[in-house]
Amino acid sequence: MINKKCPSAAEAVADVPDGAVVMVGGFGASGSPIELIHALIDQGAKDLTLINNNTGNGEVGLAALIANGQVSKMICSFPRSSQSKVFPALYRAGKIELELVPQGTLAERIRAAGAGIPAFYTPTTVGTVLAEGKETREFDGRTYVMEPWLKADFALIKCEVADPLGNLTFNKTARNFSPIMCMAATTTVVQTRKLVAAGDIDPEHVVTPGIFVNRIVDVPSPVHEDTLIAAGRSYP
Amino acid sequence: MINKKCPSAAEAVADVPDGAVVMVGGFGASGSPIELIHALIDQGAKDLTLINNNTGNGEVGLAALIANGQVSKMICSFPRSSQSKVFPALYRAGKIELELVPQGTLAERIRAAGAGIPAFYTPTTVGTVLAEGKETREFDGRTYVMEPWLKADFALIKCEVADPLGNLTFNKTARNFSPIMCMAATTTVVQTRKLVAAGDIDPEHVVTPGIFVNRIVDVPSPVHEDTLIAAGRSYP
Amino acid sequence: MSAGWTREEMAARAAQDIPDGSYVNLGIGIPELITQFVPEGREFIYHTENGLLGMGPPPADDERDLDLMNAGKKYVTALPGAAYFHHADSFSMIRGGHIDVCVLGTMQVAANGDIANWSTGAPDAIPAVGGAMDLVQGVKRIFVVTQHTTKTGDPKLVDKCSYPLTGPGVVSRIFTNLAVVDVTPDGFQVVELAPGVTFEEVEQATGAPILPRTE
Amino acid sequence: MSAGWTREEMAARAAQDIPDGSYVNLGIGIPELITQFVPEGREFIYHTENGLLGMGPPPADDERDLDLMNAGKKYVTALPGAAYFHHADSFSMIRGGHIDVCVLGTMQVAANGDIANWSTGAPDAIPAVGGAMDLVQGVKRIFVVTQHTTKTGDPKLVDKCSYPLTGPGVVSRIFTNLAVVDVTPDGFQVVELAPGVTFEEVEQATGAPILPRTE
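Protein sequences appear in the order of chains A, B, C and D.
Here my numbering is used: the first residue of the first sequence is 30, the next is one more, and so on.
Here my numbering is used: the first residue of the second sequence is 30, the next is one more, and so on.
Here my numbering is used: the first residue of the third sequence is 2, the next is one more, and so on.
Here my numbering is used: the first residue of the fourth sequence is 2, the next is one more, and so on.
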């Protein structure tokens, strides 16, 4: 039987090379694959381009990966929040590059990569500074901007339930970018709260079909970014 | 409480005007909203542009609507099958127009309409007669064709379970084009085998969120095209 | 100026102009108060960008679900009939024109409907746009709820935005502490004055020509 | 010619070249037989365009589900670990390069990998393309399983397709009743001969130059 289970988070991210483009699921704290991110901190890959809606909070997870000097470029829609301190400091110091992408365009570019669509047109950013230098075009009398797909070498994803074939379900709004990131990465690594047998997920309820998943790590009691921050934790 | 329930199929399709663009869910017989299509036959709207993967079978459902002279143009990927006789005869007689669209491009154009994407690029049809006259463009050294969104005035859809807010689930491969057609039509009319209370569908299992649905018709014992054809039935 | 509407009254007034059954996306700040002032007999369905339709009120502190938040990263609940979906589907709802009303706060709004609410353009600011540019381009009607002037008394309703735009010509109606103002082909026009507020007061607090209410 | 492979043997031979764990889409006809000849110790996961991954064998007649068919509109089953999805997601799998192998029948295949399997181009034919053009452009490896010649003895492996193309330069390997043939930068090349078939017989039945197997 096909079994995509990987013994540990460390093994699952062992081959992320320096310079890799890495998508990380989650919207703020919700859906952030903390254990996989921390494994990537331990692994030490450098010069990464990171794709996430935000830039992490506190000194754990995404923020810790950035603080550890492993990220040279961030692609996101909202790089600051009340609890994000790491990215702003590095950005102001000129030590990290930022590609700011509106949230819907970010999602659609990721989905396009997974769907084999190299570019599409969107009304978002028309008439703003974020459209500067971009190709525009009229359809039915309205102006649109052309946007390219956004691919990744790896995606690090947190899910709720997985089976050995890689079928996934998510928990509430922790779903967010994760299903489309699974589609857009060459290698998709998923940490799951619950690993069940093939057939235990109703085929009608599968959110991410296994074809988009390469490796599954069993993390039955994942830590939550909000909880770590409230406890004043940092990593490593 | 918001309640999108409509008393009958007849009322649900009463305002489909002559010349309307109508998407009809289903792939072959599976997922075809026979009761809604037959209501549209009774209603009599003419000069319709119909969008479906196929052109119907036998003398019921989609084929009956075409046979009834209500359709002036068909947009589909596969207009013939072993049991389709109506469309081929009219097409050869020059009485119906055909826009042939590859299945994946058809799906993506419909999804694009629902997603507010006026055009996108796809590798499908490059180097074939179906790309003739279409704009092409290179990305990363590969050639792609530009395809526009495909919108409809109405979508006629069959689902398995619906709630009064319009949240839907489907049955197995009867899902096919239906969820994306719900997104792409100005007015989406759904016939459901089972109508349940709001909250009875787990929010994690909703396939089509209610925002994409306008009218729901309770059809607890829908007929199936295959069964009608096996019984030698015709409509009206 | 003691006359005019409170934050709550501004939200309540905006809620009056949202039709029954609307799909609504609310920005952070005063717009969030709208959920408390839904007019009797109406029902709105709330969408939040991070993948929830049918968002309900905040939970009690001991009933928080860490995986159930809104786009402002606040804990929320899901009402019966809610649905979860991924980000591409969520922004299909926005960009595809399926959301009826979006109510936003703003830094500036111009007489031609331009809105600037994402960046001051200051060179040392960390730019952050989120879903604002998608919302203003995709949602059918864009309402703005805002104080009529900044804390330092500068007009927020202006002839031309000095801050970088979120979107051009997208706002249809503005609810301030002083008035309800429409964006018309002829520029700003008062639709309704807050109690105790005169048209002259509104005119003076507005950074662009503004028309009085049509009788 | 009595020598060579049967339809079943052609399917079995093609199955040998599909790696374990592959996601596979099978065309109508001989390719469908592949499911019966999966090599010992391997597992393939079958995708069908109309929204099913994990497709299983046909059901018994009395266990048919009218809502569970494949893209050829035949009744099928779903194996444990299957998933249903809508058409846009299904073709994202295809066009996005997630399917490993697609095995198709064909009318013609050319020495440069061009394939023509959707239309004879006859003026009175009803054109019907289905998902063929998406598959040949999107799937990582395109295999063709076909009789080497038509019923009237015309070659199906040709120098240039005379029928309208499904896609240009997409086929990598061809399994016929006579041989396994690769599409190489130098044109057709025999990889393996069917039992009792000589290279000269293959050469004669092929409508384009063909290279013998490299020793």
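Possibly wrong hints are sitting among the right ones.
Unchecked claim - In silico lysine-lysine, DSS-like type, Cα no more than 25 angstroms apart, as pairs:
| no. | chain 1 | residue 1 | chain 2 | residue 2 |
| --- | --- | --- | --- | --- |
| 1 | B | 163 | A | 163 |
| 2 | A | 34 | A | 102 |
| 3 | D | 74 | B | 102 |
| 4 | B | 114 | D | 75 |
| 5 | B | 114 | B | 75 |
| 6 | C | 74 | A | 114 |
| 7 | B | 180 | B | 163 |
| 8 | A | 163 | C | 161 |
| 9 | D | 75 | B | 163 |
| 10 | C | 74 | A | 102 |
| 11 | A | 180 | A | 102 |
| 12 | B | 114 | B | 102 |
| 13 | A | 75 | A | 114 |
Derived by calculation from the structure, the hints in this document are not laboratory data.
Bear in mind that the values here come from a model prediction, so they are computed numbers and not experimental data.
Hints, one by one, checked against the model:
Restraint check for residue 163/B and residue 163/A: satisfied, since their Cα atoms lie roughly 23 angstroms apart, inside the 25 angstroms limit. For the proposed pair residue 34/A and residue 102/A, the alpha carbon gap of about 30 angstroms is over 25 angstroms, so the pair is violated. For the hint pairing residue 74/D with residue 102/B, the CA-to-CA distance comes to about 24 angstroms; that is within 25 angstroms, so the pair holds. Among the hinted pairs, residue 114/B with residue 75/D is consistent with the structure: their alpha-carbon atoms are about 19 angstroms apart, no more than 25 angstroms.
A hinted pair counts as satisfied when its Cα atoms are at most 25 angstroms apart, and residue 114/B with residue 75/B qualifies at roughly 20 angstroms. A C-alpha spacing of about 17 angstroms is found between residue 74/C and residue 114/A, which places the hinted pair at or below 25 angstroms, so the restraint holds. For the hint linking residue 180/B to residue 163/B, the alpha-carbon distance of about 19 angstroms falls within 25 angstroms, and the restraint holds. A C-alpha spacing of about 24 angstroms is found between residue 163/A and residue 161/C, which places the hinted pair at or below 25 angstroms, so the restraint holds.
Note on residue 75/D and residue 163/B: the hinted pairing is violated, with a Cα-Cα distance of about 34 angstroms set against a maximum of 25 angstroms. Proximity of residue 74/C to residue 102/A is assessed by CA-CA distance (about 24 angstroms); at most 25 angstroms being required, the pair is judged to hold. Using a Cα cut-off of 25 angstroms, the hinted pair residue 180/A and residue 102/A holds, with the two alpha carbons roughly 14 angstroms apart. The hinted pair formed by residue 114/B and residue 102/B meets the criterion: a straight-line CA distance of about 16 angstroms does not exceed 25 angstroms.
With a C-alpha separation of about 20 angstroms, the suggested pairing of residue 75/A with residue 114/A holds against the 25 angstroms cut-off.
In terms of the numbered hints stated before, the structure departs from hints 2, 9, listed from lowest to highest.
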